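Colleague: Make the full structure from the sequences, and use the hints.
Going line by line, the protein sequences match chains A and B. Taking this note's numbering as reference, the numbering of the first sequence is continuous, increasing by one, and the terminal residue is 210. Taking this note's numbering as reference, the numbering of the second sequence is continuous, increasing by one, and the terminal residue is 285.
To be clear, the hints were calculated from the coordinates, so they are not data collected in a lab. One or more of the hints may lead you astray.
As the list claims (entries may be wrong) - Computed list of lysine-lysine pairs in DSS-like fashion (alpha-carbon distance at most 30 Å, straight line):
| no. | chain 1 | residue 1 | chain 2 | residue 2 |
| --- | --- | --- | --- | --- |
| 1 | B | K46 | A | K195 |
| 2 | B | K201 | B | K257 |
| 3 | A | K48 | B | K46 |
| 4 | A | K48 | A | K79 |
As the list claims (entries may be wrong) - One side only, chain A facing chain B, incomplete, derived with CB under 8 Å:
| no. | residue |
| --- | --- |
| 5 | D45 |
| 6 | R46 |
| 7 | R49 |
| 8 | G50 |
| 9 | V51 |
| 10 | I54 |
| 11 | F73 |
| 12 | L75 |
| 13 | I98 |
| 14 | K139 |
| 15 | C173 |
| 16 | L187 |
| 17 | A190 |
| 18 | R191 |
Remember, it's a predicted structure, so these values are computed and weren't measured experimentally. Where a beta carbon is used, it is the ideal one built from N, C-alpha and C, also for glycine.
What follows is each chain in one-letter form.
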Amino acid sequence: MSQNANELESAATLVSRIVSGEATAEAELVDRYKRGVTVILMRAAGQRSIAEDLLQDTFRLTLEKIRRGELREPERLSGFICNIARNLATGHFRRASRQEPLEEQTRLSAITNDDPLQRLLAAEKAAIVRRILDELRSPRDREVLYRFYLADQDKDQICLQLGLSSLHFNRVLFRARERYKELYERFLREQQNGLR
Amino acid sequence: MDHAYIQEHQIVSQYAVGKLDPADCVEFEDHLADCPQCLDELELTDDFRHTLRSLESQRERPIDIRFASASPAVFQRRVVAILAAASVIVIGVVSFAFIRENRGTERQLEQARTDASTWERRYHDEHQARTDAESQLRETPVASAPLFTLNLTRSANLGAETPSTAVSISRQVKFIVLSLELQNDPDFQSYRATLTDAAGTNAWSTDDIVPATSGGLALVVPASVIHPGKYVLTIEGRHGGQYSIAGSYSFLATQLVN
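Modeller: Here it is as structure tokens:
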């Protein structure tokens, strides 16, 4: 993936600051990549506690390697960190598969949240999604969302079976997501205004 | 692969549902780790997907057979659901035939009212025949009615193109079951099905159909109305007295030699 020139420079600068022993640069690196690496590890691990452990190890290893000068292309810092994270996740599950089935770990992680605020948010999100589905004029567009997000069907397969162009498919997904964002952000604003 | 590419190709959504190939996945993750905008989009997409999923599980949306890529176990469950729906329709069709027959019998009974012994015997015979037939039907709901799954087609115009779905009907078969993928639109109160041959002649139709599942429809069609050739089955939804097309399904009918 290509990034813009400023981002490349920024990553390279950050690396050089770490190499020169600047402690705040290390904190900046963790702060900057923490969210993204967490997402990647959560997808790989499927369980927050494991992802958090792996996250700690990822940054520990990343910083050690950078300090030792093992990152030869500082502008590829993001890929470097992600590789470490993925390798750690793979290693973890290779060990875990000898001890406990992954399915069991995932099942245990799927404990529902009883927080009233979370329940309120979930109810509101459900209302928003229902509204989006109702707003879709074409049953076929609704079918696209069901097939893609719930039925695990490929884009090509959906387009072929429903007689859709790739552009139309992309548009349905894009509009649904944008509408969801718009309605959800409006709800949050209204909640904040109500609390003031 | 930059933002424009990612947005144009719905890379975030594809990643969210695990549909990116491993190479693209690695490339996207390398970008994602340092891109708050893509992270926001991914969070939003996950949120939308999970909410959609929980909505569906609350509705207990029946599983249907329209998803061809499903696992064999899931597919089997869907087929069972459709067969169950089809059996209900078969029972309905046969019950209707019995009701009609009963009406004729009632007229005969009216004429024979003076003869109590005849009435009783006829009633007993009729009742027994009906019970036997219904029992037989329950035991073999669709065994004699082969099931064909039809795919949605882009156009109702048959033209010179050969339909991709073939329906091969044995001469011994009295009914066939056509299983269709159909997204049940809540705006439609009921559906109407019309079967048209290549010449545009109406071969069969039925209305007031209420789907047994939200994603599929099973129709029992008399095999006698279908002859070798191309057909289009058009499904129209009724909303406030008006019909509008909900889907078209073309198929090529052939006759088995046996």
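Colleague: Evaluate each hint against the coordinates.
Modeller: Hints, one by one, checked against the model:
1. B:K46 / A:K195: Since the Cα atoms of B:K46 and A:K195 sit roughly 22 Å apart, the hinted pair holds (cutoff 30 Å).
2. B:K201 / B:K257: Since the Cα atoms of B:K201 and B:K257 sit roughly 20 Å apart, the hinted pair holds (cutoff 30 Å).
3. A:K48 / B:K46: 24 Å, holds
4. A:K48 / A:K79: 17 Å, holds
5. D45: Result: violated, 12 Å to nearest chain B Cβ.
6. R46: 7 Å, holds
7. R49: The hint holds - A:R49 has a Cβ within 8 Å of chain B, the shortest such distance being about 6 Å.
8. G50: Since the shortest Cβ distance to chain B is 3 Å, the answer is holds.
9. V51: 6 Å, holds
10. I54: 5 Å, holds
11. F73: Violated, because the Cβ-Cβ distance from A:F73 to chain B comes to roughly 12 Å (cut-off 8 Å).
12. L75: Violated: closest Cβ of chain B sits about 15 Å from A:L75, beyond 8 Å.
13. I98: 11 Å, violated
14. K139: Holds. Min distance 4 Å.
15. C173: The hint is violated - A:C173 has no Cβ within 8 Å of chain B, the shortest such distance being about 11 Å.
16. L187: 5 Å, holds
17. A190: With a minimum Cβ separation of about 7 Å from chain B (threshold 8 Å), the hint on A:A190 holds.
18. R191: At 6 Å from the nearest chain B Cβ, A:R191 passes the 8 Å test, so the hint holds.
Checked against the numbered hints above, the structure breaks hints 5, 11, 12, 13, 15 and satisfies the rest.
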